[in-house]
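Can you build the whole structure from these sequences, using the hints too?
Just so you know, we're using numbering that gives the first Met the number 0 here: the sequence shown kicks off at 0 and counts up by one.
Treat the hints with care, as some may be off.
[Claimed, not checked] With beta-carbon atoms standing in for the labels, derived distance ranges:
(1) 33 - 321: 13 to 21 angstroms
(2) 4 - 209: 45 to 53 angstroms
(3) 209 - 343: 26 to 34 angstroms
(4) 25 - 213: 43 to 51 angstroms
(5) 70 - 286: 22 to 30 angstroms
(6) 166 - 206: 26 to 34 angstroms
(7) 351 - 31: 41 to 49 angstroms
(8) 195 - 64: 42 to 50 angstroms
Just so you know, these hints were derived from the structure itself, not from any lab. Computed from a predicted structure; not experimentally measured. Heads up, the beta-carbon is just placed ideally off N, CA and C, and yes, glycines get one too.
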Amino acid sequence: MAISDIKEYAHLTAEDVEALSAELDAIRRDISDSLGERDATYIHRTIAFQRALDAAARLVIHASRARAGWVLGTTALAVAKSVENMEIGHNVSHGQWDWMNDPEIHSSSWEWDMAGLSSQWQYSHNYRHHVFSNVVGMDDDLGFGVIRITRDQPWKPDNLLQPLRNLLLAATFEWGIALHGLYSEQERAGTAAEKSAHTRALLGKIVRQTGKDYVLFPALSGRRWRQTLKANLAANLLRNLWAYVVIFCGHFPDGAEKFTPAELENETRAEWYLRQMLGTANFRAGAVLAFLSGNLCYQIEHHLFPDLPSNRYPEIATRVRALCEKFDLPYTTGSLAKQYFLTLRTIHKLALPDRFLSATADDAPETASELKFRTASTTPADGGTGRRAGLRTALRADQR
0 MAISDIKEYA HLTAEDVEAL SAELDAIRRD ISDSLGERDA TYIHRTIAFQ
50 RALDAAARLV IHASRARAGW VLGTTALAVA KSVENMEIGH NVSHGQWDWM
100 NDPEIHSSSW EWDMAGLSSQ WQYSHNYRHH VFSNVVGMDD DLGFGVIRIT
150 RDQPWKPDNL LQPLRNLLLA ATFEWGIALH GLYSEQERAG TAAEKSAHTR
200 ALLGKIVRQT GKDYVLFPAL SGRRWRQTLK ANLAANLLRN LWAYVVIFCG
250 HFPDGAEKFT PAELENETRA EWYLRQMLGT ANFRAGAVLA FLSGNLCYQI
300 EHHLFPDLPS NRYPEIATRV RALCEKFDLP YTTGSLAKQY FLTLRTIHKL
350 ALPDRFLSAT ADDAPETASE LKFRTASTTP ADGGTGRRAG LRTALRADQR
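Right, dumping it as structure tokens:
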């Protein structure tokens with residue numbers, strides 16, 4: 000089933016894992032020490048671009064009398080919302096720009112343009128997801144509680160509906176994230192009063208958000224309020240679909256491994272690094288697609304260094320990929336279309352009971368463990384080194 004011994008699965012010794020960690024720590028130091036004016040300029044320009052695009056899109060929607068103008072304005076508004084949510088809101092809330100000590104661009108003050116509260120999301124995402132990434136029963140982002148994404152999650156009859164649930168989650172992704180954050184906060188709340196306070200806080204944000212998109216801007220449009228209302232609805236839908244695709248392609252394609260809670264026992268920082276590398280997946284993207292995805296096409300790098308600025312992920316990726324080659328580890332990536340196809344295959348496949356699945360529970364495309372290797376024989380002549388090298392090669396081939 001899921002991985003219980005990450006070193007055995009990766010065919011690395013404890014010394015190998017520590018050496019890998021030292022190299023990753025060096026990458027962190029190098030990037031942190033080089034942060035400066037060009038990085039600050041990047042985030043300031045990104046925010047200025049997003050706000051200008053948002054304003055221009057709304058003006059086009061309001062002023063255009065042709066359908067083509069409405070489509071152009073709505074598409075531009077969806078892009079502006081995507082950039083705000085992913086390249087700005089998501090990354091600022093991770094603390095990637097806290098080093099600037101700018102009170103307006105800080106994880107403690109930024110409130111993003113979507114239904115959920117940034118503060119509630121920070122606990123469910125920054126802590127629950129990033130600390131316990133892909134640990135079954137610990138990371139609530141594994142299927143977000145509505146989709147079975149690994150055989151370690153017992154099959155239930157209502158899983159038959161998960162292809163439909165997947166479509167619904169995609170269309171309403173911001174609302175799913177909002178409820179996800181609320182439930183995480185309520186789970187750790189000590190009293191009923193604290194739970195109620197979290198609920199009121201989210202309701203307040205929802206009122207403000209929906210009021211802005213579906214009351215204020217339509218009202219400002221006068222007689223064209225219907226066009227503005229429909230544009231806001233369409234832009235939010237497009238933003239939701241895009242965010243859903245990016246997030247799912249970073250976590251659920253083949254090669255994004257899952258782990259049992261046993262793996263957390265006495266887990267070192269070095270083993271945490273390795274878990275992030277094995278539990279995430281990238282997709283190939285040029286500069287524009289990377290920007291529109293919040294640089295989350297570099298999901299491996301993001302999970303290794305979630306608080307380093309996203310504009311540095313391309314250069315980090317070059318060094319991380321070299322480390323994967325050096326330590327003979329898989330670097331799971333592919334085109335966006337391929338990664339999404341593999342994700343959809345898993346979602347539809349695991350809607351069925353296990354008895355209908357052909358691959359073994361320890362060696363399936365979507366779920367594997369170190370047990371897949373234990374049938375291999377070790378010859379006394381090489382002391383096991385030949386087995387280790389051969390299995391490393393097989394592992395990398397499986398996950399490309």
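Query raised in the report: Which of the listed hints are not met by the structure?
Result: Of the numbered hints, all hold.
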